[in-house]
Amino acid sequence: MAGPVLAVDNLATHFFTRDGVVKSVDGVSFEVKPGEVLGLVGESGSGKSVTGFSILGLIDPPGRIVGGSIQLNGEELVGRSESEMRKVRGKSLAMIFQDPMMTLNPVLRIDTQMIEAVLAHDAVSEKAARARAAEALGMVGIPAPEERLFAYPHQFSGGMRQRVAIAIALLHRPSLIIADEPTTALDVTIQSQILAEVQRICAESGTALVWITHDLAVVAGLADRVAVMYAGRIVEQGGVDDVLDRPCHPYTQGLIGSVPGAHPAGARLHAIPGSTPSLKHLPQGCAFAPRCTRADAACAVAPPITMNQGRAYRCFHPAAQAGASA
Amino acid sequence: MSELLRLTGISKRFTKSVDLAGRIANVLGAKNVPRVVHAVDDVDLVVSAGEVVGLVGESGCGKSTLGRVIAGIHPPSAGAVFWEGRDINAMDAEAQKAFTLGVQMIFQDPMSSLNPRMRAGEIVGEAPRVHGFTDAQGQRAYVDALFQQVGLDPEYKQRLPHQFSGGQRARIGIARALAVKPRLLVCDESVAALDVSIQAQVLNLFMDLREQLGLAYVFISHDLGVVRHIADRVVIMYLGRVVESGPRAAIFGTPQHPYTRALLENVPRLDARKRRFVTVKGEIPSPLDPPPGCHFHPRCPHAGPRCSREVPVKTAASQGHIVACHLADGGVD
Ligand SMILES: Nc1ncnc2c1ncn2[C@@H]1O[C@H](COP(=O)(O)OP(=O)(O)OP(=O)(O)O)[C@@H](O)[C@H]1O
Ligand SMILES: Nc1ncnc2c1ncn2[C@@H]1O[C@H](COP(=O)(O)OP(=O)(O)OP(=O)(O)O)[C@@H](O)[C@H]1O
Ligand code: SF4
Ligand code: SF4
Ligand SMILES: [Mg+2]
Ligand SMILES: [Mg+2]
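In order, the protein sequences belong to chains A and B.
Taking this note's numbering, the leading residue of the first sequence gets 1, the next gets one more, and so forth.
Taking this note's numbering, the leading residue of the second sequence gets 327, the next gets one more, and so forth.
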């Protein structure tokens with residue numbers, strides 16, 4: 001069997017700010033297999049984007065990867081120079097952001113940008129590059145792609161701009177795409193169109209996908225596996241049905257209990273008490289302890305990762321269903 | 327339930343003036359004229375005392391504009407607003423004040439609606455003192471009680487807005503609105519910016535307050551899951567018009583309008599795994615240039631010739647369930 005496309009092991013990315021060290025990502029491990037969709041979920045500030053940026057080699061000072069390993073198709077990315085990373089980014093590893101203007105240049109025509117992106121990694125004629133650009137636009141459902149290539153980004157709606165950004169990500173048929181909240185700013189009907197395109201393209205091309213979002217329901221519809229982040233750590237991961245139907249970790253249970261759609265109308269939501277902690281003042285031990293109803297003396301030390309039948313969690317008192325799911 | 331608020335035939339138009347490029351082009355002989363946006367177009371709505379009405383639709387469909395008309399912030403371009411059965415334009419000063427205080431609006435981003443230099447206690451305590459709900463002596467106890475009611479420690483009264491978390495700021499915005507004893511809260515995306523675990527706390531608070539105070543809500547949200555959870559009645563808007571409205575069970579159980587059905591099918595759900603995303607074709611048209619007839623016809627799978635010619639009229643599908651679609655009114659041909 002082929003190895004994973006992406007193997008992240010014990011990754012730690014910290015920001016050395018004037019008033020202290022922010023451990024945005026602290027001991028994160030996960031793998032993504034070819035063609036697999038991993039949903040990386042968590043609330044704001046939990047470290048999802050920093051995880052994504054670390055994989056892409058886009059962490060700037062005062063931030064730094066301080067430990068761990070990131071392997072793409074078996075090759076180590078941590079420690080590579082910026083020029084080496086540039087050969088990987090946009091080629092075998094692509095990204096899509098919440099704001100498509102992170103990818104697009106507002107003053108350049110779409111064709112200029114896409115042809116440049118093709119030529120950055122492949123020595124082909126400009127004509128061939130243009131044809132590939134048009135093909136990629138067609139793949140993401142943009143009508144009349146040859147004509148639309150002459151447009152500027154501002155001539156597109158938000159949803160269409162996001163499609164163009166996805167088309168650029170697809171130009172080199174990457175083995176992995178990191179997508180950071182790409183549909184969060186879009187209306188439901190437009191989000192749905194984009195999810196459908198992404199799902200179809202990944203299934204057809206075997207591209208693996210890390211889909212970063214705070215929306216559990218989007219992950220439910222899209223992902224094969226789910227990893228839940230809290231305060232810089234993955235607190236639980238496993239198959240989508242296991243994690244959403246039989247969560248082990250109290251935080252995952254709390255998140256699911258907070259989603260209005262999962263309750264009978266009007267019933268009280270099982271809100272998690274308290275609020276997310278500041279990463280500068282994390283409690284000793286389990287970071288979730290101040291909000292956790294099952295916390296006890298054991299939780300004063302940080303819980304290690306427990307592996308149990310294809311799932312992994314960090315908790316001393318996981319829900320009893322854990323073992324029963326097989 | 328007694329009627330609290332009634333809107334009849336409410337429209338709100340904005341004029342978009344010609345931009346610089348357009349004015350330059352005009353000098354050269356072009357004919358750019360100011361354009362009119364029908365942000366809200368002939369909307370009828372009733373809110374009963376103690377009722378939660380959910381207002382749903384995609385961006386630019388006119389939810390916030392309608393909310394502002396309800397809260398008395400925007401005067402409507404056409405139509406009438408009745409508060410407890412009386413036209414608000416034909417009221418004496420005292421009744422007018424009862425309306426102004428009776429409807430309070432809570433905005434999406436509490437940070438931008440809270441004065442950054444005012445302490446939380448003053449933000450909450452100012453309006454009730456000005457309007458005579460309490461006096462200088464009583465203010466302290468009055469504000470403490472409000473803080474407790476929304477789940478904030480009265481100790482926090484001395485803090486400035488930036489010293490609170492997002493969820494706490496939302497609570498301050500709610501306490502400020504409650505301070506003048508409103509009967510109707512207009513919540514415009516009031517939980518949209520919050521993390522889901524905090525959003526759940528605030529939704530629970532809204533439901534508690536409703537029970538304790540008999541408050542009515544107009545709850546504006548693009549999140550159908552939230553609206554399904556909290557609303558008794560649901561109003562679906564598309565490009566300025568109400569396309570369907572009715573009791574929650576009817577809208578979610580037997581939706582009639584093709585747009586409502588499309589929205590419901592498109593909403594991601596926790597229990598829909600590895601699903602095939604079904605899609606509505608096309609984009610949301612510009613409100614500056616809406617399609618003629620039924621605004622939804624370019625995207626509608628059932629559209630017929632009548633749909634691009636005639637604006638559908640509001641038809642009752644069942645008791646209290648209104649739909650504006652030719653399918654419900656003689657067919658599309
Ligand atoms: N340049 C930086 N300097 C200091 N701290 C940073 C920097 N970038 C990120 N952080 C911190 O790292 C933590 C994780 O941030 P990250 O952006 O990964 O969160 P997230 O899970 O993506 O949240 P969101 O859902 O809001 O996008 C946050 O506490 C953030 O304040
Ligand atoms: N003050 C204004 N001047 C001019 N046009 C306006 C004004 N307020 C709103 N509009 C226009 O009216 C239409 C409806 O806007 P509105 O803000 O009510 O939509 P919405 O449903 O609240 O959208 P969103 O979900 O994005 O908040 C939009 O086309 C908007 O551009
Ligand atoms: S380790 Fe303890 S505090 Fe942390 S989630 Fe598990 S039970 Fe709760
Ligand atoms: S009126 Fe016609 S176009 Fe409009 S929703 Fe009904 S069937 Fe579709
Ligand atoms: Mg992020
Ligand atoms: Mg709005």
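No lab work stands behind these hints: they were computed from the structure.
Glycine included, C-beta positions come from ideal geometry on N, C-alpha and C.
One or more hints might be untrue.
Stated by the list, open to error - Covered stretches of chain B, as calculated for chain A (at least 3 residues, CB under 8 Å):
id, stretch
1, 332 to 338
2, 515 to 524
3, 598 to 612
4, 644 to 658
Unchecked claim - Which bits of chain A does chain B cover? Going by a derived footprint, with three or more residues having C-beta under 8 Å, they are:
id, stretch
5, 6 to 13
6, 153 to 162
7, 209 to 221
8, 246 to 256
9, 270 to 279
Unchecked claim - Some chain B residues flagged as far from chain A (calculated, every beta-carbon gap over 10 Å):
id, residue
10, E448
11, A467
12, L550
13, V593
14, H628
Cross-check of the supplied hints:
no.: 1; hint: 332 to 338; result: violated (count 0)
no.: 2; hint: 515 to 524; result: holds (count 4)
no.: 3; hint: 598 to 612; result: holds (count 11)
no.: 4; hint: 644 to 658; result: violated (count 0)
no.: 5; hint: 6 to 13; result: violated (count 0)
no.: 6; hint: 153 to 162; result: holds (count 3)
no.: 7; hint: 209 to 221; result: holds (count 7)
no.: 8; hint: 246 to 256; result: holds (count 3)
no.: 9; hint: 270 to 279; result: holds (count 6)
no.: 10; hint: E448; result: holds, 23 Å
no.: 11; hint: A467; result: holds, 27 Å
no.: 12; hint: L550; result: violated, 7 Å
no.: 13; hint: V593; result: violated, 6 Å
no.: 14; hint: H628; result: holds, 16 Å
When held up to the earlier numbered hints, the structure conflicts with 1, 4, 5, 12 and 13 and fits the remainder.
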